[in-house]
Amino acid sequence: MVTDEKKIGWEMNEVAQKVALDIPDGSYVNLGIGIPELVAGYVPEGREVIYHTENGLLGMGPAPQAGEEDPELINAGKKYVTAIPGACFFHHADSFSMIRGGHIDYCVLGALQISENGDLANWSTGEPKAIPAVGGAMDLIAGVKNIFVISQHTTKTGDPKIIKQCSYPLTGKEVVNRIYTNLAIIDVTNDGLVVRELAPGVTFDYLQSKTEARLKEK
Amino acid sequence: MVTDEKKIGWEMNEVAQKVALDIPDGSYVNLGIGIPELVAGYVPEGREVIYHTENGLLGMGPAPQAGEEDPELINAGKKYVTAIPGACFFHHADSFSMIRGGHIDYCVLGALQISENGDLANWSTGEPKAIPAVGGAMDLIAGVKNIFVISQHTTKTGDPKIIKQCSYPLTGKEVVNRIYTNLAIIDVTNDGLVVRELAPGVTFDYLQSKTEARLKEK
Amino acid sequence: MINKVVRSLKEAISDIFDGAIVMISGFGEAGSPIELIHKLIDHGAKDLTVVSNNTGSGHVGLAALIENRQVKKMICSFPRSANSKVFPELYHNGEIELELVPQGTLAERIRAGGAGIPAFYTPASVNTPLAEGKETRVFNGHKYVLEHGIRADFSLVKCKTADRYGNLLYNKTARNFGPIMCMAANTTIVQAREIVELGAIDPEVVVTPGIFVQRVVHVSNPADESKLVAEDRRYPW
Amino acid sequence: MINKVVRSLKEAISDIFDGAIVMISGFGEAGSPIELIHKLIDHGAKDLTVVSNNTGSGHVGLAALIENRQVKKMICSFPRSANSKVFPELYHNGEIELELVPQGTLAERIRAGGAGIPAFYTPASVNTPLAEGKETRVFNGHKYVLEHGIRADFSLVKCKTADRYGNLLYNKTARNFGPIMCMAANTTIVQAREIVELGAIDPEVVVTPGIFVQRVVHVSNPADESKLVAEDRRYPW
Chain R
254 MVTDEKKIGW EMNEVAQKVA LDIPDGSYVN LGIGIPELVA GYVPEGREVI
304 YHTENGLLGM GPAPQAGEED PELINAGKKY VTAIPGACFF HHADSFSMIR
354 GGHIDYCVLG ALQISENGDL ANWSTGEPKA IPAVGGAMDL IAGVKNIFVI
404 SQHTTKTGDP KIIKQCSYPL TGKEVVNRIY TNLAIIDVTN DGLVVRELAP
454 GVTFDYLQSK TEARLKEK
Chain E
254 MVTDEKKIGW EMNEVAQKVA LDIPDGSYVN LGIGIPELVA GYVPEGREVI
304 YHTENGLLGM GPAPQAGEED PELINAGKKY VTAIPGACFF HHADSFSMIR
354 GGHIDYCVLG ALQISENGDL ANWSTGEPKA IPAVGGAMDL IAGVKNIFVI
404 SQHTTKTGDP KIIKQCSYPL TGKEVVNRIY TNLAIIDVTN DGLVVRELAP
454 GVTFDYLQSK TEARLKEK
Chain L
93 MINKVVRSLK EAISDIFDGA IVMISGFGEA GSPIELIHKL IDHGAKDLTV
143 VSNNTGSGHV GLAALIENRQ VKKMICSFPR SANSKVFPEL YHNGEIELEL
193 VPQGTLAERI RAGGAGIPAF YTPASVNTPL AEGKETRVFN GHKYVLEHGI
243 RADFSLVKCK TADRYGNLLY NKTARNFGPI MCMAANTTIV QAREIVELGA
293 IDPEVVVTPG IFVQRVVHVS NPADESKLVA EDRRYPW
Chain C
93 MINKVVRSLK EAISDIFDGA IVMISGFGEA GSPIELIHKL IDHGAKDLTV
143 VSNNTGSGHV GLAALIENRQ VKKMICSFPR SANSKVFPEL YHNGEIELEL
193 VPQGTLAERI RAGGAGIPAF YTPASVNTPL AEGKETRVFN GHKYVLEHGI
243 RADFSLVKCK TADRYGNLLY NKTARNFGPI MCMAANTTIV QAREIVELGA
293 IDPEVVVTPG IFVQRVVHVS NPADESKLVA EDRRYPW
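Chains R, E, L and C, in that order, are what the protein sequence lines are.
To get this note's numbering, take the position in the first sequence, counting from 1, and add 253.
To get this note's numbering, take the position in the second sequence, counting from 1, and add 253.
To get this note's numbering, take the position in the third sequence, counting from 1, and add 92.
To get this note's numbering, take the position in the fourth sequence, counting from 1, and add 92.
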């Protein structure tokens, strides 16, 4: 089933490209660690998008050339990055003023679970033995204007991630605006989850079968 | 009587010198507008004192030479100043973080009235026709570690300024640590107002006659 | 492409609407965006609530905006000064409202507005008339007053140097309220003495990151307010 | 004369006492004052409460301080990472306490501590387990949680450049928590890669004004933590 799904849906690189297409010229964007980082590779020609990394850099550029890594120039995932012309550095309180104050236009995050009303769980499975670690996720979802989730449609074991109610501890309530998965693009609306686009070969019924929450056709 | 008092007490320049002597080497100091500004001229040899002005400069130096005035380099009294080597500029929120956060060691302020428990009134006479204007006074007295008042001992009409209870609107309650006037230096203690030093020719009884609040001998 | 530089003062301020909340940078004349203010007088938006530390001098800049009856209410810490004649007169005649705020509280309320903090506690003004009617609370044995963040529809700010991303540098004590007012408005409009190429400003020394700025207009030789006041100039002239 | 430069790491940290609250700058290894931390391990103060975004990597720096059983409690936003082994083990064994704080709330609490703000409201963590037991309040129709400022007895901070007044410059994203931690401690101790003459730093570009710094020590060639971790080095060595 899992294999199947991967075959018929988009590759995650294609999903990242879909996300990038939906981010307008001139946007300030924060990308979460992992899959969300792929989005930076697909900014359409002619658009200028400025990346914020919460550890104190606006105007984050791509990874440096081998041998040019600077351990004091990293992103929130602690990977080596570069700074573009027009970039600036600032301290953590200023950085989260940008986030909390509503100055960042888009945040693209991963997810463990998303509920049908847009609740997001992406920081902890709540298992007693897990070390809880939240980072900046709760600040981002509370402060950024548009929250996009990019994720595999189901878990590694094939269970739905888009569900009626999150069982994991929440990162925030009613915060997700749009969900991009390998199977579909789904808007979180006041009328519930509305399918915006299906990946090639994916039917609405197939998508619904992989989704615990009720979906609506556009 | 007023003339009398001025003759027998210190000149305000001498009072300012007394204040300067009580400010230790290495202190960060904010001087109020007017008479308090005189203090900067009397830092004893060998001491280094750094002046903060709340409009965004740490390391304020003396007035510039004629012809070198810069309308964008001023103090809180909107007078032209200079910046010493090792100075720095910052914005208003950072400036008042220094004040409110307890980072400034001494503040020297003028006063309209001081009560026997150290209440200070120095921003408004409360007259209905007066335009109220507070500036940074309330932040300073709330945040700075040591609050020194420098003032004529009585008003222009010879009325006491050091009184049982302030009749003017307060700037802050129980905030003044020491009072320097043309007649005496007075500590505000848990035991009340204790005279620390009398100006030449001023007796304790004379001082008490010019002071509504009860004074104590050291 | 991101280019926040607009061609004229008029283009910069033309959407300021009647009833808007407008922050205006400056401490006295230092940092006051006098050309933007004069263009706002030409533009004519009225019933404005203006947040600025002072109320202007003589009959130019902020004082002229007030004199032109465009300001319904001032939020400031120090509404009078040696050369302020306009505000005191209107205030005495009951023609303008005043919300008096301690200077540090004003700065922190603006910063909070920009930083997404709806409210905070401060020791300033406790036990004074300015805390009357406000909620107080004790933390660690000391009393504090609850104050709320302020946001504006527009901020008008003066700076020294800008680039097309809106990164800003200021000059000396003209910095004052500029950086925090940039943070706190839906639309921040900046007049810059010089506009430089992207990358010309060292990323380590940027004072206002471009994310806080929406429009930049080039005013290479801004007027010296104190000279205009000394000459008793009046705007509109 | 003001001279905050002390001659040795030992002199810089020798009054850190058992039970102290210690802030340690850095986001991962960037900005982590590893030489000051190692000297604190030599010094031996224990039962510390440490405020730092992470819990260190491998067996050097902050991880080594924890491994040496000097830390009673960590206040941080992200206590695990690819190379953090020490904290997870002690935490599982119940040998160390954890106060988990969202990263922006952690930054704002530190800044508030330094700015004399005892408490503020933030939207982060509302409706999540991290807001449980905390006071919430509605402003303008949105729910916020009350958070308190944090102050420390000591802050240990790494910077690039310092002068004898304690004015500081940082390097790129190693700035992170440094400036706000400098503000929030009774005694701020800084290791600087270079110490320059007074006046060599342009007053317009100072990041941390000297008023927030009590001691500066020169560490011209700080260790590269990731290299030490890759080599599986352990402190004390």
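Read the hints as simulated data drawn from the structure, not as lab findings.
There may be inaccurate statements among the hints.
Covered stretches of chain C (chain E as the covering partner; in silico rule of three or more C-beta atoms under 8 Å from a C-beta of chain E) [what the hints assert, rightly or not]:
no., stretch
1, 288-295
2, 302-312
Derived pair list, reagent style PhoX-like, types lysine-lysine, alpha-carbon separation capped at 20 Å [said to hold, decoys possible]:
no., chain 1, residue 1, chain 2, residue 2
3, C, Lys235, R, Lys382
4, E, Lys332, L, Lys319
5, E, Lys426, L, Lys235
6, C, Lys235, R, Lys332
7, R, Lys398, C, Lys235
8, L, Lys177, E, Lys398
9, E, Lys382, L, Lys235
10, L, Lys226, E, Lys382
11, C, Lys102, R, Lys382
12, C, Lys226, R, Lys426
Virtual Cβ for every residue (Gly too), placed ideally from N, Cα, C.
To see whether the hints hold, each was checked on the structure:
For the stretch 288-295 of chain C, the stated coverage by chain E is satisfied: 4 residues place a CB nearer than 8 Å to a CB of that chain, which reaches the threshold of 3. Figure legend: the stretch 302-312 of chain C, annotated as covered by chain E; annotation consistent (3 residues with Cβ-Cβ distances under 8 Å, at least 3 required). A distance of roughly 31 Å separates the Cα atoms of Lys235(C) and Lys382(R); the hinted pair therefore is violated under the 20 Å criterion. The suggested pairing of Lys332(E) with Lys319(L) holds, with an alpha-carbon distance near 15 Å, which does not exceed 20 Å.
Distance restraint check for Lys426(E) and Lys235(L): the Cα-Cα separation of roughly 11 Å lies within the 20 Å cut-off, and the hinted pair is therefore satisfied. Distance hint between Lys235(C) and Lys332(R) is unfulfilled; the C-alpha atoms sit about 35 Å from each other, more than 20 Å. The suggested pairing of Lys398(R) with Lys235(C) holds, with an alpha-carbon distance near 16 Å, which does not exceed 20 Å. Only pairs whose Cα atoms come within 20 Å are accepted, and Lys177(L) paired with Lys398(E) is rejected, the gap being roughly 36 Å.
For the hint linking Lys382(E) to Lys235(L), the alpha-carbon distance of about 31 Å lies beyond 20 Å, and the restraint is violated. Only pairs whose Cα atoms come within 20 Å are accepted, and Lys226(L) paired with Lys382(E) is rejected, the gap being roughly 24 Å. Proposed proximity of Lys102(C) and Lys382(R) is contradicted: the alpha carbons are some 39 Å apart, above 20 Å. Restraint check for Lys226(C) and Lys426(R): satisfied, since their Cα atoms lie roughly 17 Å apart, inside the 20 Å limit.
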